[in-house]
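Trainee: As a plain string of letters, each chain reads:
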Amino acid sequence: MSAYRRGLRVGVTSLALAALLLSAACGGTTRDNSTDDAGAGNQASGTANPDAAIKAGLKIAFLPKALNNPYFTVSDNGGKDAVTEFKGEFKEVGPSEASASSQVSYINTLSQQGMDVIITSANDPNAICGALNQAKAAGAKIVTFDSDTKPECRQIFVNQVTAEGIAENQVKLISQQIGGEGEIAILSATANATNQNAWIALMKTELTKPEYSKIKLVTVAYGNDDDQKSFQETQGLLQSYPNLKGIISPTTVGVAAAARYLSGSQYKGKVKLTGLGTPNQMRQYVKDGTVDAFALWSPADLGYLAAYAGAALASGQITGAEGDTFKAGKLGEFTVGKDGVVILGPPTVFDKNNIDQFQF
Amino acid sequence: MTADAPGTQAPLLVLDGVTKSFGAVAALRGVHLTLHSGEAHALVGENGAGKSTLVKVLAGAHAPDSGSLTLDGQPLRLGGPADARAAGIAVIYQEPTLFPDLSVAENIFMGRQPLRGLRRIDTAAMNRDAERLFQRLGVRIDPTRPARGLSIADQQLVEIAKAISFDARVLVMDEPTAALSGVEVERLFAVARSLCEGGAAVLFISHRFNEVFDLCHRVTVLRDGAWVSSDDTADLTVDEVVRGMVGRDVSSLYPKQDAELRDTLLDVRRLSRAGVFTDVSFSVRGGEIVALAGLVGAGRSEVARAVFGVDRYDAGEVLVAGRAVPAGNPGRAIAAGMALVPEDRRQQGLIMELSVERNATLARRRALSRLGLLLGAAERAEARQWTRRLQVKASRLGAPVATLSGGNQQKVVLAKWLATEPRVLIIDEPTRGIDVGTKSEVHRLLSELAGQGLAILMISSELPEVLGMADRVLVMHEGRLVRELPRAEADETSIMFAATGQGATA
Amino acid sequence: MSLTDAGAPERAAGNAPPDPDRQRRGLTERLLAVRELSLLIALGLLVGVTALRNDRFLSGQSIKDLLLGCAILVILAVGQTLVIVTRNVDLSVGSILGLVAFATGSLFLSAPGTPWPVALVVGVALGALCGAVNGGLIAVARVPALVITLGTLYAFRGVDYYWASGRQINAADMPPSFLRLGNQTVLGVPVLFLVALVVVAAVGFYLRSYRSGRELYAIGSEPAAARLSGIRVGRRVFAVFVASGALAGLAGVLYAARFGTLDAAAGTGLELQVVAAAVVGGVAIFGGSGSAYGAALGAVLLTTIGSSLAVLRIDPFWQQAVVGALILAAIGLDRLLALRVAARLRGRSAHGA
Amino acid sequence: MAHDSLYAAPPTAEAEPGGGRLASVRGLLGSWDAVIVAALVVAVLVASLTVENFATGRNAQFLLLDLMPLALIALPMTLIVITGEIDLSVASMVGLCSTLMGQLWLSSGLSLELICVLVVLLGAVLGAVNGLFVTGFGLPSLAVTIGTLALYRGLSFVVLGDQAVADFPADWTAAVVRNIPGTSVPVMVVPLLVLAVIFGVVLHATAAGRALYAMGNNDQAATFTGVSVARTKFWLFVVSGAVCGLVGIFWTLRYASARGDNATGLELTVVTAVLLGGVSIFGGRGALLGVVAGVLLLGVLRNALQLADVDANALTIVTGSLLIASVVLPNAVADIRARLHRRRQRQPVAS
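Those sequence lines, one after another, are chains E, D, G and X. Heads up: the first sequence runs through residues 1 to 360, numbered per the numbering used here. Heads up: the second sequence runs through residues 1 to 506, numbered per the numbering used here. Heads up: the third sequence runs through residues 1 to 353, numbered per the numbering used here. Heads up: the fourth sequence runs through residues 1 to 351, numbered per the numbering used here.
So that you can see chain E by itself, here it is in the shape it has in the complex (with noise of 0.2 Å):
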C-alpha cells in the first residue's frame, strides 16, 4: 500500500511545513506575548437593594461535582430544605462521575432551560468557565460553593470555611493529638483539587510558627478521592515514614480511609489521625480509639447557605459585591467578602463526646 505510505508522507510533510511557516513568519503566539485577559472581573453590575425580597417560584438548580457523592447527597439536600422554604423551585442534576466536561453540558442544559440560579462545585476551576459566562449571559445567577471557579467566572463564592481557617484548625488538632513534636504527613484528594491545594499550602506556613516548630511535615500523598488508593496510600505512608506521628487528611474519603487502615493495624492508637470526615463515617472510629477528634463544617448548611447566596442575588438583594449582606434562613445574617467569598464559619470539631449529636 504505498499509496498511503506517500500519502502519509505528504500529509505529514506539509503539516510541518505549515508549521514552520507559521511559527517563522509572525512569530505564532506563544505564552508571553498572549495577554490573559478573560472576563472583566467581577461583575457587580446594578446596586444591591438589601430590603428586596426574596422572589417566589425562583428556579433553582444544584449540580454537584458528581451524582453519587454522598457528600453533595447531604448538602445538596440542605439547598433544598431552603429552597423549599422561600418557596422556589428546586433541582439537582448532574453527571454520574467527575469529570469538568460533564459538567458543562450540564451547564450549558441549565442555561437551556433558563434556570434562575446555578449553584455548582467545580471539578475544575478553568473548564467550566467558558459554559458559566454563557449561562451567566443567558440570565442565570451562579454561585459556586465547596470547589470555587475563577473568580470572574460566577458571582458568588460559598466557602465553607476560610483557607485559614482550616488549616489553623487541622493543624492545631494534630498538633494536640501528638503532643506537639513529631513527623506528621498529609493525605490529600486529587492532586489538582483547588481547595485541597489551598489548604495545603497554608497548612505549611502555619507549621512555620514557633509553637509547632518541632512538627515535621515529611510528605504529601494523593488517595485520588477513591476509597481503596488512599487505603493503600495510608499504607504506603506508614511504611515509609516509621517515625510518622500522624496524618492530617482533610478530605471525607481520604480520612475514612486511613481511619479503616489504621484501625485494623498495629499503627492503631499510635500514630494519630485527623481530617475533614463525616460523622457518620468516623462514629466507629471514634468510638474504637482509632481517631481521637476530627472536623468538618456542616455540608447541608453549606448547601442551605448557597441556596440563600443564590436567591438573595436573583431577588436584587445583593449584587456579589464586597459588602453585601443577606439573611440565609435559620444561619442568620451573611456578609459578601472580598471576590464574593461568602463563609459558612468555623468547622466544628467532633470528639467521642459530642458525636453521637450529628446525623450527617
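Among the hints, a few may not be true.
What the hints assert, rightly or not - Pairs of lysine to aspartate or glutamate, DMTMM-like flavour, derived with a Cα cap of 25 Å:
hint: 1; chain 1: E; residue 1: 136; chain 2: E; residue 2: 339
hint: 2; chain 1: E; residue 1: 327; chain 2: E; residue 2: 89
hint: 3; chain 1: E; residue 1: 136; chain 2: X; residue 2: 335
hint: 4; chain 1: E; residue 1: 91; chain 2: X; residue 2: 335
hint: 5; chain 1: E; residue 1: 91; chain 2: X; residue 2: 66
It is worth saying that the hints were derived from the structure and are not from the lab. Everything numeric in this text was worked out from a predicted model, so none of it was measured.
Guided by the hints, dock chains D, G and X onto chain E, whose structure is given.
Mentor: Just chains D, G and X now, kept in the frame of chain E:
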C-alpha cells in the same frame, strides 16, 4: 436400491428419505444410504451434491428436516454431536478439527478422559492410552505435545486415533486424502481396512476415483441433493460413476494442447528459506505449463508463496521477464505480472463474505481507479466481462461469493487473476475440491492461457492432472528440487520415485 | 487459525521419538509451569528490590496488608480466567462487584440482624444473576462477549447508581462480625486471602482435572472444533459467565466487608486491572491456555507493584503507566515465547514417514 | 486472523450454498444504515416536539460541540474496526496529547501554532506505538490497546501531575467554540465535515477502502491479493493517533484546561457509537454514514434526556442498553426472519 452386498446380515446403519433444507436451498432431498458392518462404502457426487450435509447429519451437527436414521434396527435420533458419538459414529472432517492449545492426548480423549478418584482426569493413563493407539496405527506422535504445529497428515492421524479410541462402529471420512501424499493415503487405507475387518463400517468420501475403487466395496452417488444409485464397485467403471454424478458424459481429462514456447518469463534462482526449502532454481517459458510435483509437505506451496511474495525468503532471487521482483511484497509481484491462485480457496483465494464482483476485481482495484476514486460501476463492468468469459454461474454479481458452488468459486478466483492480465500464472491445486465437469473446464482454460503465451506454474497432488497438463514436471522432496522430467519421461512411477526421495538425483 | 505453521519442515530428519520415561510431565503442562515460575521470579525480584530500599516492606504488618490488598483482585482474576480461557472476556466484573457490594450494605441496612453467611449467599447469587444476564445475552445475540459486557458494564453500573442515588453506607451500618471478616487474620494470614486461596485452588484444580474444565480450554482453543466434537459450547460459555458473575459477587461481598464504606462507585475501572492481571498471569487473550494459578500470581504482582510504588515513594501517577507497560510486556513476551515454542515443536512434528 | 481478533465464535455463517442465515443477516445489515438514520430522524422529531428547549439554535450549538470529540475519533475507529481491529487507547491518547500541550505551553515557550502541530505529530507517534505492537509483533489489538490505554493515561498524569494548565490565550479558546457567523453552527463543524467526507471517500470509493473491507473479512486472502495488511493497519493506528492529537487540542482549548483526566472513558462511547452505526465488531462490514448517524443519535438522545431532566444514572443505563441492543437486535431480527422464511418454505410442502 440395488445389491445388498457383502454378507447378507442386517444393515448396520440405514438412512431413509433424509431431507434437509437451508432457507430456500434444499441440500438433501430424500437420500437413502445403507451401511453394512465390515463394509467400506464410498459416497461420491459433485460439489454441492449434498455430501458434506449428509456427513453433518450423520455427525449430529445438523438435524434432518424429515427422514429417519436406523442403527442396528433401532431408530436413532441425534440431538447433537455428542449423541452421534455415543451411538458409535465417528466423523473425520475434511479439515481436521483439533484444539491447537491442548495436548495430543487430550485432543483424542476430549470429553472421555480416563478418570480416577473424585472424577478427576487420570493424565498418565490418558497419555498411555494415546500412545497405545499410535502404536496400533504404527506412528510416533508424542501424546503430551500440543496439537499446534502438527502437520496436516499428523493431524489426520490424531483424528483417526480419536475415531478408533471410542471403538467407532461407523467411521465417516470426508475427503481425508485431499491433503495427504500417496504413502500417507496408503497407511490411512490400511487402518480403514483393519477397522472394516473388525466389523466397523467406513463411509468414504472422495473425488479421487482410484482411491474409491481401491478401498471401497460399494459406491453411492448423489446428485443435486438426491440419491442416484448404490452399486458394488466391482460392477462399475469410472465412467459410469462420473455419468451418474453429472448426469451426462464428460471427457474426463482435458490434455494440454501444444503451444509455441516463447521467452523465459519466470526465472527463480537459488531460492532458499531456512527450514522450509533450499536452493530451488527453475524457469518457466511463455506458453509452457510446468508442474511442481511432490508429496504434501515437500515445500511446493511454500515455494509458490515465496515466489509470489506472500512469504519471505532468505536467499536467492525471482525474475519476471528478466527483471528482479522484490521479495516479500505481493503487490509488487502483481505489478510485475505475476498471479497466484492459492491452494486454499476459502482462506486464501476468496473473501467469502464479499460479493462476486468485489472478489473478481479486488486485485485490479488500483487499475480501475480514476483520479484515486474507485466507483462501483467500473468494478461491475469489469466483473461482468470476466465472469462471462469464464462462465461463472452466479445468481447475481452482488451476491456473496460464499453462495456459489466450489467450482464457480474457483472460476471467480481465476477471473480475479486473469483480469490482471498476468504474464506468469502460478496455480496451486487448480482443481482441488471441484467437481468433474468444472475440472475439465479449468484444464481447457489453462491450456488456452498457455496458448496465449502465459507462463504457468502448476502445483498439483493429482498425478493424472500433472501428467495430462504439464510440459515439464519438477519434483520436490524435503524442500529440494530433486528431479526435472520432460513430458516424455514423466510417468507415475518416475514421479513417485523422485517424490519419495528414493535414490534420485536431479 | 491453522494448526500448521506455514512451511513447517514436516519431514525434517533425525527426530528421536520422545523418551517415554521423561515425558510423564507432559510438554503442554511444562510450558505453563515455565510461565508461572517466571512470574514468581518477577514477584520475588520486586519484593526484594523494594525491601532493600525499605526493610519495613517485609514486616508482618506489611505482608498482611499486601495479602489483604490482593485478595479481591485475585478472586476477580480467577473468575476472568474462566472466561478468557473460552475466548471470551467479561468487562462487567467491576460493575457487578460495585452492585453486589452496595446490595450487601443495603441488605444489612434494611435487615440489621442478617447473619453474614446469608449476606454472602445473597451477594454471590446476585452476582451469578448478573453473570446469567451476560451469558444469556451472549447466547441470544451470538456476538462477542466484549461488546455485550461493555454494554452491561454501563448498565449494571447505572443500576447501581440509580439504586444508591448518592447514598453511602458506612461501617456503622454493618454488623461487626461481618466487618471482622474483612480484617481478621488466622495465624497472621487475613481471612480474605484465605478465601481467595480457596477460590484459586478450587478453580485451578477444576480447570486442570475435570472434563468440563478441559472442555473450556477446548472451546477457547477452537470453538468450531469444540462444537463438532460434541461439547455443548453455548451451555459451557453461559456457565462460565455465571461463574465469573458469582465470583465477582463474592468479591463484592468481601469488598463490603473490607472497606466498610460503600457508595455506588465501588470497583469502578477495576475490570481493566482484572484483565491485566489475567493477561500478565499468562492467560492467553485468545483463549485456550492459561491457568488460574497464573492469573492469581498476576493479580498479586499487580497489587505488589501498587504497594511498592507507594513504599518507594515513587510518584503514584506512575502506577497506571507501569500497569500499562506491564500488560504490553506480558503479551509481547508471550508472543515471543509462543514463537520459540512453535519453532521447537516444528522439529518434533515428524513421525518418520 | 481477522475473525479471531475480537473474541467469540466468528459469525455462524453456514457454509451451505445459499446460506439462508448469512444472506438474511446481510440483507438486514445492508439496511442498518437506513434503520439508524430513520431512528435519528425519529429521535430528533420526538425530542423537538416533546422536550422543551431542544429545538433551539443554542442547543444545536451545545450538542454539536459536545459531540465533536466523539465524532472525530469515530472516523478512524470505523476504519480500524472494519479491518477487524480495535483501538481502545483513543481516550488516553487524547488525555496525553492534552497534557503535553499544556506542558509545552507552560514550559517550552514555543508558539501555540507550533505546539499544536507537535501535538498532532505526537498523537501520530502514540498511534504508531499501537500499530507497531499490533502489526510488527502480531499481537491482538484488543490486548495491546488495553495496555496502552493504561500506559498513556498513566503518562498523562505523569506529565502534568498535580496541575492543570489553564492560561491558554482567550482568543484561541474562544475560537473553538465560535459559531459560523449568522448561524448557530460551531465553526469546528467545518473541519469535522471535511474529515468525514475524506474518510467516507477513502472507505467507500478508493482502492484502499476496498482493501480495508477485504482484510477485515479475511486478511489472509487479502494478503494473497497484494494488500499489505500489516502496513495498512499500522497506518490506520497512526491516523487514529493523529486524530486523537487533534481532539486533544480541541478538548484542551474548549475547556481551557489541560489535565490528566481529560476525556477519560471516551473510548467506550466511541466504540458504542461505531457499533451502533452498524459496523461489525468482527470486521469487514459497516459504512461511514451509519457511524455518523450513530454518533448523532447517541448525542441527540443524551442531550434530549438531559434536557428532560432524566437522571444521569439513567443515561448510563441508556448508553449500555443501546450498545447491547445495537448488536442483539440485528441478530434477533435475522433469526426471526429466517424462522418465518423456513415456515413459509415448509407450508407448501405440507399442503
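Trainee: State for each hint whether it applies.
Mentor: Against the structure, the hints come out as follows:
As the CA atoms of residue 136(E) and residue 339(E) are separated by approximately 17 Å, the hinted pair is consistent with the 25 Å bound. Between the alpha carbons of residue 327(E) and residue 89(E) the distance comes to roughly 19 Å, so the proposed pair stays at or under 25 Å and holds. Our distance criterion of 25 Å between C-alpha atoms is broken by residue 136(E) and residue 335(X), whose separation comes to about 54 Å. Proposed proximity of residue 91(E) and residue 335(X) is contradicted: the alpha carbons are some 45 Å apart, above 25 Å.
For the proposed pair residue 91(E) and residue 66(X), the alpha carbon gap of about 23 Å is at most 25 Å, so the pair holds.
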